[in-house]
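Peer 1: Next come the chains, spelled out residue by residue.
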Amino acid sequence: MSELERELFEKQLLTIAKGLDYPRTPDIAAAVMTRLRPSTRPRFISRRLAWSLTIILIFFSSLMLIPPARAAIIEFIQIGIVRIFPRPIEPPIDTISTATPQSIIPMTATASFPSATLIPSLSRIAGETTFADAQQKVNYSILLPTYPPDLGQPDYVFVQNAEGEMTILVWLDPRQPDQVLMSLHFIPLGSWAIDKAEPKVIEETNVNGQRAIWATGPYPLRLYNGDLDFTRLIDGHVLIWAEGDITYRLETNLSLEEALKIAESLQPVP
Amino acid sequence: MDEPTLIRHAANGDASAWEPLVLAHQQAVFRLAYLLLGDPDDAEDIAQETFLRAWNHLKRFDQTRPLRPWLLSITANLSRNRRRSAGRYLAALTRAFRDEPAPASVEEKSAQYMEANDLWKAVQNLSEPDQQVVYLRYFMDLSVAETADVLQVAEGTVKSRLSRALEKLRAIITKYRINNQLEV
Chain A
1 MSELERELFE KQLLTIAKGL DYPRTPDIAA AVMTRLRPST RPRFISRRLA
51 WSLTIILIFF SSLMLIPPAR AAIIEFIQIG IVRIFPRPIE PPIDTISTAT
101 PQSIIPMTAT ASFPSATLIP SLSRIAGETT FADAQQKVNY SILLPTYPPD
151 LGQPDYVFVQ NAEGEMTILV WLDPRQPDQV LMSLHFIPLG SWAIDKAEPK
201 VIEETNVNGQ RAIWATGPYP LRLYNGDLDF TRLIDGHVLI WAEGDITYRL
251 ETNLSLEEAL KIAESLQPVP
Chain B
1001 MDEPTLIRHA ANGDASAWEP LVLAHQQAVF RLAYLLLGDP DDAEDIAQET
1051 FLRAWNHLKR FDQTRPLRPW LLSITANLSR NRRRSAGRYL AALTRAFRDE
1101 PAPASVEEKS AQYMEANDLW KAVQNLSEPD QQVVYLRYFM DLSVAETADV
1151 LQVAEGTVKS RLSRALEKLR AIITKYRINN QLEV
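The listed protein sequences correspond, in order, to chains A and B.
Using the numbering used here, the first residue of the first sequence is number 1, and each one after it goes up by one.
Using the numbering used here, the first residue of the second sequence is number 1001, and each one after it goes up by one.
Hints are computed from structural coordinates only; laboratory data are not their basis.
Owing to the predicted nature of the structure, the values given are computational and were not obtained by experimental measurement.
Backbone N, C-alpha and C fix where the C-beta goes; we use that ideal spot for every residue, glycine too.
It is possible that some hints are incorrect.
Derived list of chain A stretches under chain B, where covered just means 3 residues or more per stretch with a C-beta under 8 Å from a C-beta of chain B [what the hints assert, rightly or not]:
1. 18-26
2. 29-36
3. 139-152
4. 255-263
Chain B is nowhere near these chain A residues, computed Cβ spacing over 12 Å in every case [as the list claims (entries may be wrong)]:
5. M1
6. T15
7. E128
8. T129
9. D155
10. Y156
11. W171
12. L172
13. D173
14. P174
15. R175
16. E203
17. E204
18. T205
19. R211
20. T216
Chain B on its own, in the form it takes in the complex (with noise of 0.2 Å):
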């Protein structure tokens, strides 16, 4: 069955139409979870609650729009929340940072690795609104109109928004290249 068909079959209340789509769509979800939270529990968690949600209003979304954008939207959102509550966003950042691997494992990492975690360290500097668009757009790989669908804004908005955080990217990513000879 393709996904329009399943995704009427779920909202009539099949739950078995609903588990292929989330075993579709679980991976990206769970990966933008835990680059907004930066810590897997966490992020298995809201990757939980995004489907029961999707699943609870189902009836009210628009079958002719693609499920993916629309599943990362309630994922942000409830992500935001999460990081606002009580500190945790801290937390997982101090833990991030904590358990990063000793040198003797570093070795083993490959550059790309070395070079993606230390974007990625790179990017958590920027503004929320900022993180979120640059997340969407060059780690989750989507176009500047899925971007858009996903923020619920215009693609104009999506460009002005990542020209303006890439400006702060490149700047953190020069100051962090004197340190830790960052390729970018």
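Bound conformation, chain A alone (with noise of 0.2 Å):
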């Protein structure tokens, strides 16, 4: 197509784009407006939700008076979408009996971090991209740690779509470049529910003031939604805190004080 050509076909497209029959917008501002301010509005609760939130109510204060399961409810801690259970929970039958660690370790990037095996492990996990792309293909800001100063661009960026683009970032160990430094996770609301069970120690913190959790393994860590179920086993500490929608994720060797400096300084990318 020469240049006049391609000018004169722009020139048609945009006048007749600009035909097309839309349907008429809604009122979006209303609905943003009410979900943005759920309390101003009265709730119409039916009868019969009424009664099943009552029936449920009953059921959970009924196993209140249980002593294992009131243990067994209570005590988990939610962190954005991540749960952890101090306490030894019910294994899912059909993961912890069909989905090996070995299994299921290149699934994600934070394979345990000790492996000599960890470089062929990394290439196997689906999703590499470049940063660049990452943040094209997420629509949350990627931010990166300024400390310590010299840590630089991530060695490796996943994003893997767990009904939400979850993002990866792995950075090597500069001394051992066949070790991973750390690896950081994003992991948007709406993605697949993240179990912890029974952690060897669990302390609690805050990031930027945000209640925040830090876990030592070994553990074994599920994943789930509607149609998937998996477990593997972390062998690395973890923080995790949550900001707005986003999930964070840090998995690493370094000490409790280091892994908080790294979190706290998180930045957008200039």
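Relying on the hints, combine the two individually framed chains into one complex.
Peer 2: Below is the structure:
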């Protein structure tokens, strides 16, 4: 197509496209404002729903009277979409029996860090991309740590669709390039739920004033949605916190103090 | 109040400042979602989600930039995720073709509408990145710079994507013209 033909074609496209008959734009503003201010509107609860809620309340109240059940209900900690069970939970029968840690390690970037075969594992992970491309793919800002100052860009970047584009950044240890220094997950709201069962050590802390959890492995990590469910073994230490719609998960063998410095140094890329 | 002032207030948590901004941009956001998804209900969902997500991330928004490209960028990303989920896009396309007006009502539509509708169908044959760039540039009437801003790519990239998309589009339209008299 010559330059002239192209210009003519473009002009025709612009003219024609303007004639498209769109559906009437709904009152998005009203719906958005209602969702932003849910408490300003009286909520209608049907009689049926009210009964259902009552029954659920009674059911859970009665469970509270049974000590083991009370422990199972109360004793988990929720940070963003991640739930941490400090006590043993009943493992999902089909996941523990069918998915060994080895078979599922390639599903995410956070393989057991001390493993000498980590780099081949990383190359098998789905969704490898570049940082710039990842930022185009996801609808949230991928923040980068500014601490330690010489950290630089991640060595590996992955974007995986888990009912929401989850981003994983991986930095290798410059002194031992076959080892991972740390990995950082950005898990948007609506992604697969994650349960961490029975970590060895759990410590509450905070990141930028937000509640955070520091968990030490090894422990099984269970990821699931309506269709899929798998479990893998985590060896590293993990710092988990949430801000807005994003749950952050920093996995590293560094100390808690260093992990907090890294977490609090996250900044948008200029 | 001008847009930057409203954005500043909204970023500080003032929801009443967000409402006029939603009103100002809701049509563009809804229309882009509709173009990308082909279904008004899905488009409405995505439009609402766009403004809620933008509200939640306003503190990180560079307030020296215009709001619309950022909103459209969120819309495009959310629509892409929606399209990929569980064959919704296919279902919407099937509905669009099934609900095509009967010949009697076609006569009532203007020739321009028919051409635009045929053009839209032709664009749906392009790849996802090509569709995005065509919708933004020709249907949403954004400049090359604005399109680049929405897609977060360089202007040169937009130009090359447009050029490639136009070639493909012309080939599709030429094929269509045989049966549908599309006057392009």
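Peer 1: Each of the hints needs a verdict: does it hold here or not?
Peer 2: So, going through the hints one by one against the coordinates:
For the segment 18-26 of chain A, the proposed coverage by chain B is satisfied: 8 residues have a C-beta within less than 8 Å of a C-beta in that chain, meeting the threshold of three. A stretch counts as covered by a chain when three or more of its residues have a beta carbon under 8 Å from one of that chain; for the segment 29-36 of chain A and chain B the count is 6, and the coverage holds. Coverage of a stretch by a chain is defined here by at least three residues with a beta carbon nearer than 8 Å to that chain's beta carbons; for the segment 139-152 of chain A and chain B the count is 3, and the condition holds. Using a Cβ-Cβ cut-off of 8 Å, 0 residues of the segment 255-263 of chain A lie near chain B, which falls short of the minimum of three, so the contact claim is violated.
Distance check on M1 (chain A): its Cβ comes as close as 6 Å (rounded) to a Cβ of chain B, failing to clear the 12 Å threshold; non-interface status is violated. The claim that T15 (chain A) is not at the interface with chain B is violated, since a C-beta of that chain comes within 12 Å of its own (minimum 8 Å). For E128 (chain A), the shortest C-beta to C-beta distance to chain B comes to about 18 Å, beyond the 12 Å cut-off, and the non-interface label holds. The claim that T129 (chain A) lies off the interface holds: its Cβ sits roughly 14 Å from the closest Cβ of chain B, which is beyond the 12 Å cut-off.
Under the 12 Å C-beta cut-off, the non-interface status given to D155 (chain A) relative to chain B holds; the minimum distance is some 23 Å. No Cβ of chain B approaches the Cβ of Y156 (chain A) within 12 Å, the least distance being about 21 Å, so the stated non-interface status holds. The beta carbon of W171 (chain A) sits about 23 Å from the closest Cβ of chain B, which is more than 12 Å, so the claim that it is off the interface holds. Chain B leaves L172 (chain A) outside its interface by the beta-carbon criterion, the shortest separation being 27 Å against a cut-off of 12 Å.
Here D173 (chain A) stays apart from chain B, with its beta-carbon at least about 30 Å from theirs, past the 12 Å limit. In this structure P174 (chain A) is separated from chain B by more than 12 Å, as the shortest Cβ-Cβ distance comes to about 30 Å. With a cut of 12 Å on Cβ distances, R175 (chain A) stays outside the contact zone with chain B, its closest approach being about 34 Å. Against chain B, the non-interface label of E203 (chain A) holds: every CB pair exceeds 12 Å, the least being about 28 Å.
Every CB of chain B lies more than 12 Å from the CB of E204 (chain A), the least distance being 25 Å, so the non-interface label holds. Against chain B, the non-interface label of T205 (chain A) holds: every CB pair exceeds 12 Å, the least being about 23 Å. For R211 (chain A), the shortest C-beta to C-beta distance to chain B comes to about 18 Å, beyond the 12 Å cut-off, and the non-interface label holds. Listed as outside the interface, T216 (chain A) is consistent with that label: its C-beta sits roughly 31 Å from the nearest C-beta of chain B, beyond the 12 Å cut-off.
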